[in-house]
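There are 2 protein chains.
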Amino acid sequence: MVESRRKRSWWGWGWVDAAATDAERAELVARLPPGWAADPVPVPRIADLALRPPRIVPPGSLAPVCSTDPEDRAGHTYGKSYRDVVRALAGDLPNPPDLVARPRTEADVIDLLDWACSAGVAVIPYGGGSSVVGGVEYRGGGHDAVLSMDLTGLDQVLEVDRISRAARIQAGALGPVLERQLGGHGLTLRHFPQSFEFSTLGGWLATRAGGHYATRHTHIDDFVESLRVVTPVGVSESRRLPASGAGPSPDRLFLGSEGAIGVITEAWLRVMDRPVHKASAGVRFDTFGRALAGVRAIAQSGLEPSNCRLLDAAEAAINAGVTDGSCLLVLGFESADHPVDTALDRALRLATDHGGTYRRVSTRDGSDQPDAVDAWRSAFLRMPYLRDTLARLGVIVETFETACTWDRAERLCEEVRAEVGAAIGRLCRGPGIVTCRLTHVYPDGVAPYFTVLAKGRSGAEVSIWDEIKSASSEALMRLGATITHHHAVGRDHKRWYERQRPDPFGAALRAVKKSLDPSGILNPGVLFH
Amino acid sequence: MVESRRKRSWWGWGWVDAAATDAERAELVARLPPGWAADPVPVPRIADLALRPPRIVPPGSLAPVCSTDPEDRAGHTYGKSYRDVVRALAGDLPNPPDLVARPRTEADVIDLLDWACSAGVAVIPYGGGSSVVGGVEYRGGGHDAVLSMDLTGLDQVLEVDRISRAARIQAGALGPVLERQLGGHGLTLRHFPQSFEFSTLGGWLATRAGGHYATRHTHIDDFVESLRVVTPVGVSESRRLPASGAGPSPDRLFLGSEGAIGVITEAWLRVMDRPVHKASAGVRFDTFGRALAGVRAIAQSGLEPSNCRLLDAAEAAINAGVTDGSCLLVLGFESADHPVDTALDRALRLATDHGGTYRRVSTRDGSDQPDAVDAWRSAFLRMPYLRDTLARLGVIVETFETACTWDRAERLCEEVRAEVGAAIGRLCRGPGIVTCRLTHVYPDGVAPYFTVLAKGRSGAEVSIWDEIKSASSEALMRLGATITHHHAVGRDHKRWYERQRPDPFGAALRAVKKSLDPSGILNPGVLFH
Numbered sequence: 001m002v003e004s005r006r007k008r009s010w011w012g013w014g015w016v017d018a019a020a021t022d023a024e025r026a027e028l029v030a031r032l033p034p035g036w037a038a039d040p041v042p043v044p045r046i047a048d049l050a051l052r053p054p055r056i057v058p059p060g061s062l063a064p065v066c067s068t069d070p071e072d073r074a075g076h077t078y079g080k081s082y083r084d085v086v087r088a089l090a091g092d093l094p095n096p097p098d099l100v101a102r103p104r105t106e107a108d109v110i111d112l113l114d115w116a117c118s119a120g121v122a123v124i125p126y127g128g129g130s131s132v133v134g135g136v137e138y139r140g141g142g143h144d145a146v147l148s149m150d151l152t153g154l155d156q157v158l159e160v161d162r163i164s165r166a167a168r169i170q171a172g173a174l175g176p177v178l179e180r181q182l183g184g185h186g187l188t189l190r191h192f193p194q195s196f197e198f199s200t201l202g203g204w205l206a207t208r209a210g211g212h213y214a215t216r217h218t219h220i221d222d223f224v225e226s227l228r229v230v231t232p233v234g235v236s237e238s239r240r241l242p243a244s245g246a247g248p249s250p251d252r253l254f255l256g257s258e259g260a261i262g263v264i265t266e267a268w269l270r271v272m273d274r275p276v277h278k279a280s281a282g283v284r285f286d287t288f289g290r291a292l293a294g295v296r297a298i299a300q301s302g303l304e305p306s307n308c309r310l311l312d313a314a315e316a317a318i319n320a321g322v323t324d325g326s327c328l329l330v331l332g333f334e335s336a337d338h339p340v341d342t343a344l345d346r347a348l349r350l351a352t353d354h355g356g357t358y359r360r361v362s363t364r365d366g367s368d369q370p371d372a373v374d375a376w377r378s379a380f381l382r383m384p385y386l387r388d389t390l391a392r393l394g395v396i397v398e399t400f401e402t403a404c405t406w407d408r409a410e411r412l413c414e415e416v417r418a419e420v421g422a423a424i425g426r427l428c429r430g431p432g433i434v435t436c437r438l439t440h441v442y443p444d445g446v447a448p449y450f451t452v453l454a455k456g457r458s459g460a461e462v463s464i465w466d467e468i469k470s471a472s473s474e475a476l477m478r479l480g481a482t483i484t485h486h487h488a489v490g491r492d493h494k495r496w497y498e499r500q501r502p503d504p505f506g507a508a509l510r511a512v513k514k515s516l517d518p519s520g521i522l523n524p525g526v527l528f529h
Numbered sequence: 001m002v003e004s005r006r007k008r009s010w011w012g013w014g015w016v017d018a019a020a021t022d023a024e025r026a027e028l029v030a031r032l033p034p035g036w037a038a039d040p041v042p043v044p045r046i047a048d049l050a051l052r053p054p055r056i057v058p059p060g061s062l063a064p065v066c067s068t069d070p071e072d073r074a075g076h077t078y079g080k081s082y083r084d085v086v087r088a089l090a091g092d093l094p095n096p097p098d099l100v101a102r103p104r105t106e107a108d109v110i111d112l113l114d115w116a117c118s119a120g121v122a123v124i125p126y127g128g129g130s131s132v133v134g135g136v137e138y139r140g141g142g143h144d145a146v147l148s149m150d151l152t153g154l155d156q157v158l159e160v161d162r163i164s165r166a167a168r169i170q171a172g173a174l175g176p177v178l179e180r181q182l183g184g185h186g187l188t189l190r191h192f193p194q195s196f197e198f199s200t201l202g203g204w205l206a207t208r209a210g211g212h213y214a215t216r217h218t219h220i221d222d223f224v225e226s227l228r229v230v231t232p233v234g235v236s237e238s239r240r241l242p243a244s245g246a247g248p249s250p251d252r253l254f255l256g257s258e259g260a261i262g263v264i265t266e267a268w269l270r271v272m273d274r275p276v277h278k279a280s281a282g283v284r285f286d287t288f289g290r291a292l293a294g295v296r297a298i299a300q301s302g303l304e305p306s307n308c309r310l311l312d313a314a315e316a317a318i319n320a321g322v323t324d325g326s327c328l329l330v331l332g333f334e335s336a337d338h339p340v341d342t343a344l345d346r347a348l349r350l351a352t353d354h355g356g357t358y359r360r361v362s363t364r365d366g367s368d369q370p371d372a373v374d375a376w377r378s379a380f381l382r383m384p385y386l387r388d389t390l391a392r393l394g395v396i397v398e399t400f401e402t403a404c405t406w407d408r409a410e411r412l413c414e415e416v417r418a419e420v421g422a423a424i425g426r427l428c429r430g431p432g433i434v435t436c437r438l439t440h441v442y443p444d445g446v447a448p449y450f451t452v453l454a455k456g457r458s459g460a461e462v463s464i465w466d467e468i469k470s471a472s473s474e475a476l477m478r479l480g481a482t483i484t485h486h487h488a489v490g491r492d493h494k495r496w497y498e499r500q501r502p503d504p505f506g507a508a509l510r511a512v513k514k515s516l517d518p519s520g521i522l523n524p525g526v527l528f529h
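Chain order of the listed sequences is V and A.
Residues 1 to 529 in the numbering used here are what the first sequence lists, from first letter to last.
Residues 1 to 529 in the numbering used here are what the second sequence lists, from first letter to last.
Isolated chain V (complex conformation) (with noise of 0.2 angstroms):
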């Protein structure tokens, strides 16, 4: 199908045509508990949102690249998280922004930010929309108007330098809208967040996304060559530069940001061969502690194996079918130049050390996958879309992930799963399903990741959500684990954001907020507040 035509949902994932099918449904039901799956909720006509009327008109010269449709209003109000997608399906918008801009160039994005500077207006840089903690949502400020800038028009690689293997790419691009440019190349950036298809090279610096590789280049920071920034005060441009000593890292105070101090426009990354020799096995360990153990065997041995995705027994059984109550490590190497068997044979030798048990494959085109693997990958790709479907059957899901040095890693799994199913018990009067797996690893740590299932009550799905994530987030604060490892900070973190951050540092940042959007437009809300 050719992507340009496909229709993007407003209220939910991804494609229109990629919803899941009613087979999907009644099998995710099936899987449910007995009297969790309402009927599903219906998807609200467009037609009867009855949104706000635009409060404000944009200038001549701006009108060609602004929109009231109330479609495009609508898919530009929410990110995408199960908050998002519960309030989008009552037709709760009481906020859309009025309008919804796409820049066809650069120069658009300085016109369109000098004329809400001079107006009022506030501007929420727009990527995929993709974010899962109210990162795109105006949530109020006192701004006159809401304009969301959808970067997707910017969507090209500029320039590539195959000497340098790096190349110069609109942050508007989406993952497969840069990958196929890069592919005719022979390049790959090979950043691949389970968000690929729906989100932007911009979205992914501003937020500092993590890939789906488990080491060594595990968030978009550091493919980052250069940046160039569209703030209130100038554009920003950083050298193109392999490393620099000089100074504090400017790309560094930009990564991360969240369209809070400027608009990404384009970026020179790193990019990279195409890997052609593949080792990849499935290892089950009967017991998380043992499995951690053994991951961190791994992390700490310099191998930096492209995956190392450890899942516990809870999440083995519903996405690998794993039926034994092990927990699946699944364990990958990847290389452009050489072969990697070497390599997986010593992670085994490792994993095996502390009592995994293994079924390998190797290849040179890693089509012939492990079989739980190759089942975890395809669950893995597919769940937004059911996520979407359990919330319309009136099911709470959430996920959040973190990270934190390896001392704490078993106890934070152990007591973030208790105390985030103790409140599911309290607000759902029943138990619910929490899991967990590791996505990243490092030497010092590891980045958990958490799936909650609950059963909801019609009308209370946001403020059960709300307080799961209350429950979640205070755990990590008090663990001394991060609010994020990858999935940002936006509006929903915000509140444990400013615990976790130096005061001091806090104090920089509005400082650096004053002084490159001192008229307070940008993103109003995120971050820096």
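Rather than coming from a laboratory, the hints here were simulated on the basis of the structure.
There is no bait here: all hints are sound.
No distinction is drawn between identical chains; accordingly, a pair holds when it is met within one copy or between any pair of copies.
Think about it this way: if two alpha-carbon atoms lie no more than 20 angstroms apart in a straight line, the pair counts; the simulated EDC-like pairs of lysine to aspartate or glutamate are:
1) Lys494 with Asp466
2) Lys494 with Glu237
3) Lys514 with Asp503
Use these hints to put chain A onto chain V, whose structure you have.
Here is chain A on its own, set in the frame of chain V:
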């Protein structure tokens, strides 16, 4: 020899008792072009320096940690650049610090800063004092007095987390001091800048120091789990985390801040097991261009050698005894976990694909090194002492370094050699020597390091050095490189740093400076002003 009893040179590099011997001096003179070496200038006696009397008296509570001893003050007036050594030898110290403070605790640091803020005293944080860029030298700014804050009393490894392989270390620990303490736990930080013996953890962090190893963890930045920084408005302490996506990285603002927004007092750092598997080789190439191509292939292979140091023909001849006009690539792999011979084999294959010829050595303990490599390593560590001897003999010596992407690497090395050579011809009325080595390599670029030797003219050394610095820095800026890959900006590079730094980022940094150091007492004149 017990290091605490050894005496540091107040005017030059390192230990007094390790200065170049008469025999070394004679050998140096013999290797210089005829007529270059003048009679060695004598080292002035402290009593003859006639330092300006201290202009301020510390409050009684701080008196025990403050010194006005003339040798202390003279030794803390400058860093250790050629420019510094020449001025010290000439007895040219018009702006010595009025006080040298040696805090014993972090509370002392806080008290000193509080007093300095109220008394308008400039504070220069001072670690090992090895700056070669004017980083620890007060050059004016209207303060009533100047205090050099020597942090080497804060030198303890406070805590070791063996599970996460991390350690909490005080910022004033010199390289050998912290390695000795970590060694007791079987661990190493494995960060070995050339200044290792005479630079501190805090200095490395504040200047984003580069270490010895060519790939992977090239800068101290990569080892930082969290930082604790005393700023004039409070203590900033980041959470210990293996990674985080929660807003812009707090640590990355302080890394490279060169003491201008706070005094780093401690850090949690990622440490590692000591490597036991080692394999290395010396590879010769007949042209620099072919060597660059071979090194690039290795840098882009994902093999990540520990050493990948390319010496051009002049450098190979002078420092590694390679007399056939070849360039020498020092290539090495290390691991604490697994054999590295396969990796070296593959790297050597890539080198020979580009015309390299090699001699390899593989050991478990690395004791048996190839001759040329060994020769180079000894020369490397001895170099700063010999630099001082050359300075006394009236020879101009400068080293500078940079980084650029691969697409411009060869041109940069050529043009910098040519332009600096031409400047020397003009300034010194005769040819000089300009050599180049690559110290660090990246998939997208490289860090070249240049050494300059020229015949000086008595009394004109500083101005000639300044002109050479200007010629080299102009070339780096024009060619799209960085003003420093790991020597820092300090005061000597500031003019070019301001051209490299994007303007809006400069505005942001000035806002940060104002918010964290409102009295403007911290290392005035570097970086943010």
